[in-house]
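Enquirer: Single-letter residue listing:
Number of protein chains: 2
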Amino acid sequence: MAEDPIRFGILGCADIARKVSRAIKLSPNATLFAVGSRSIEKAKKFAADNAFPPSAKVYGSYEEVLDDPDVDAVYVPLPTRLHLRWAVLAAEKKKHLLLEKPVAPSVLEFDQIAAACEANGVQFMDGTMWMHHPRTAKMKEFVSDPQRFGQLKSIQSFFTFAADPDFLKNDIRVRPDLDALGVLGDAGWYCVRSILWAADFELPKTVIASRGPVFNEAGVLLSCSASLHWEEGKVATFHCSFLSNLTMNVTAVGTKGTLHLRDFVIPFEEDKASFSAATESCFKELVTGWQSLPSEHTVMTDLPQEARMVSEFSRLAKGIKESGLKPDPKWPTMSRKTQLILDAVKASIEKGFEAVEIVS
Amino acid sequence: MAEDPIRFGILGCADIARKVSRAIKLSPNATLFAVGSRSIEKAKKFAADNAFPPSAKVYGSYEEVLDDPDVDAVYVPLPTRLHLRWAVLAAEKKKHLLLEKPVAPSVLEFDQIAAACEANGVQFMDGTMWMHHPRTAKMKEFVSDPQRFGQLKSIQSFFTFAADPDFLKNDIRVRPDLDALGVLGDAGWYCVRSILWAADFELPKTVIASRGPVFNEAGVLLSCSASLHWEEGKVATFHCSFLSNLTMNVTAVGTKGTLHLRDFVIPFEEDKASFSAATESCFKELVTGWQSLPSEHTVMTDLPQEARMVSEFSRLAKGIKESGLKPDPKWPTMSRKTQLILDAVKASIEKGFEAVEIVS
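Protein chains in written order, with our numbering: chain A, 1 to 360; chain B, 1 to 360.
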């Protein structure tokens, strides 16, 4: 472990916090320092189950974590409806903020969180782990290459999984008082992020939700689709659902090349991940087959993508803490753009699938 | 070769007719019997270049092919605008009809062709070759299996290729007087067919074209997208384009399984083709990877898919000719449904991306 690792406090004992606790443990510049839950018993059990060091602080409230002067950064996996309150308070307490997605129920609330982080000079980052996989950087090289990929023309992103009946009724992600965006804020967040990532975070002009979204009894989205439109015919579509077999395909097509992968959010295996790249694909004479087949590229990683996320976040936090650097605005900007598109999809559904203009 | 193979006449010397001539040659129950072109010289050259037998008839007009009493069946690769005239005349001359796609500029014209075939007792089939690959039958088993695939929820189909500037201006497929449907009738035909195929040819309720279609100077489509909507949230999207790298991905997701392939129209290789199938995919503990990876399935074929198409068509034609069987209505029904969706996409574009109800 590096000297003076970033000391993490965790707010709440959400299931995803187990994965991120392991990531903090694996990250060379971060350490598990505190956990807080509304129940001290739950916090104690969480610390024990997740191999927190004996010195770790265990608190019976979120406030105590934020009041601990030795906590450098917090990871907040609370239900989205609680983000505004706890994320703003964390920033005000000068804690760097690693916030789970969706970052807020709406961009209006996110802007308050981002403003609090900016005013208090703390780093903001959302929990989109795949952004930090070295495969993502390799894919970016490919889609940015005018010779191999050319100009982006269309993107299709798919993230579905089959939730069980209990999840569809009771999970945090389908409760209007906790995560009102439903599948759109969960699986849809990743689809939208992958589209923006491929489009170099250029916002589309228009977003249109597709007909036929599926809701649960409480009115929360379980399945939906939408299309994003830029000028000159560049188009993206995505489909997210809690009602279909686990699938996470992205296809991005440029004038000269094609990127394709089938495990963009969670790679099939932890230590490596692949993507398929094709350039100037064409047919054989008489169109009896292909002349240039897509090639598979495998990228190894020494750390799981979530540990790389923690490391990058901690690197930025350390720069601020130790060298007086400014927070990197790249991460909150990406979060905001993603949230902006989610809001537009939701608005389009509410307006009967009308086109919604994007104003950044 | 089987006894009494079906004797084919070919109308015109289109580029695709070279591939189909080879397919007729490879097919055990079919034979190259005649070719007609408006130029006898072109017809002669075509027959010589494509290894027609010395006994083959070479005509300086399409009419002469249709008037030849020894021609059993015709393959018609003429521009779509000419289909009505020549397909109806072929049926009236009692020739079984293998017609290139798109089958007509509109379903209204197609219905006249289908009616002529029915009235004259001849078999109709369109030239959608991939329907005849043994891979397609294997994939159908998978998507029909309630245990491995479950109920179909969403489909995404992509067919794009990068045409050169000359094609974009002058090719038959982008000339309003010849193939007014442009990319929609060409690449889009295959996308729509793949969607209907996955949906067991159940027609959607609604079709909506996406914003941002691209046209050439003559007003013919070069790139477009659309979505198809059934009840209960089942949704399909497709994207077809002459402006992007060659890509042909289909993803179909059911409640229990996922089908994926990347060469659905033209398999990468001629003698075999693969698809990926996943069932009840799920994550490992802590969501650090997948527990059940998609598996690759490779299907060998003794004949290229286009030769299997010719064989199936010839088998049906022989049944009518030799055993007094009725034409198989399955093939014109699939053609009609495909055309109906193309018409709806076109209408939706013309109406400013309004939803178009499908009335079969």
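Treat the hints with caution; some may be incorrect.
If several chains are the same, the list does not tell them apart, and a pair holds so long as it fits within one copy or across any two.
[Unchecked claim] Restricting the straight-line Cα-Cα distance to at most 25 Å, the calculated cross-link-like pairs of lysine-lysine (BS3-like) are:
| no. | residue 1 | residue 2 |
| --- | --- | --- |
| 1 | LYS234 | LYS351 |
| 2 | LYS330 | LYS140 |
| 3 | LYS19 | LYS284 |
| 4 | LYS234 | LYS169 |
| 5 | LYS42 | LYS337 |
| 6 | LYS284 | LYS169 |
| 7 | LYS93 | LYS272 |
| 8 | LYS25 | LYS272 |
| 9 | LYS57 | LYS19 |
| 10 | LYS351 | LYS205 |
| 11 | LYS284 | LYS326 |
Keep in mind that the hints were calculated from the coordinates and are not lab data. As the structure is a prediction and not an experimental result, all values here were calculated from the model.
Enquirer: All the hints need checking, so say for each whether the structure fits it.
Expert: Results of checking the hints against the structure:
no.	hint	result
1	LYS234 x LYS351	both (24 Å within a copy, 20 Å between copies)
2	LYS330 x LYS140	within (16 Å within a copy, 46 Å between copies)
3	LYS19 x LYS284	between (48 Å within a copy, 12 Å between copies)
4	LYS234 x LYS169	between (37 Å within a copy, 21 Å between copies)
5	LYS42 x LYS337	neither (35 Å within a copy, 59 Å between copies)
6	LYS284 x LYS169	between (52 Å within a copy, 23 Å between copies)
7	LYS93 x LYS272	neither (38 Å within a copy, 63 Å between copies)
8	LYS25 x LYS272	within (20 Å within a copy, 48 Å between copies)
9	LYS57 x LYS19	within (19 Å within a copy, 73 Å between copies)
10	LYS351 x LYS205	both (17 Å within a copy, 20 Å between copies)
11	LYS284 x LYS326	neither (55 Å within a copy, 38 Å between copies)
The structure fails to meet hints 5, 7 and 11 from the earlier list, while all remaining hints are met.
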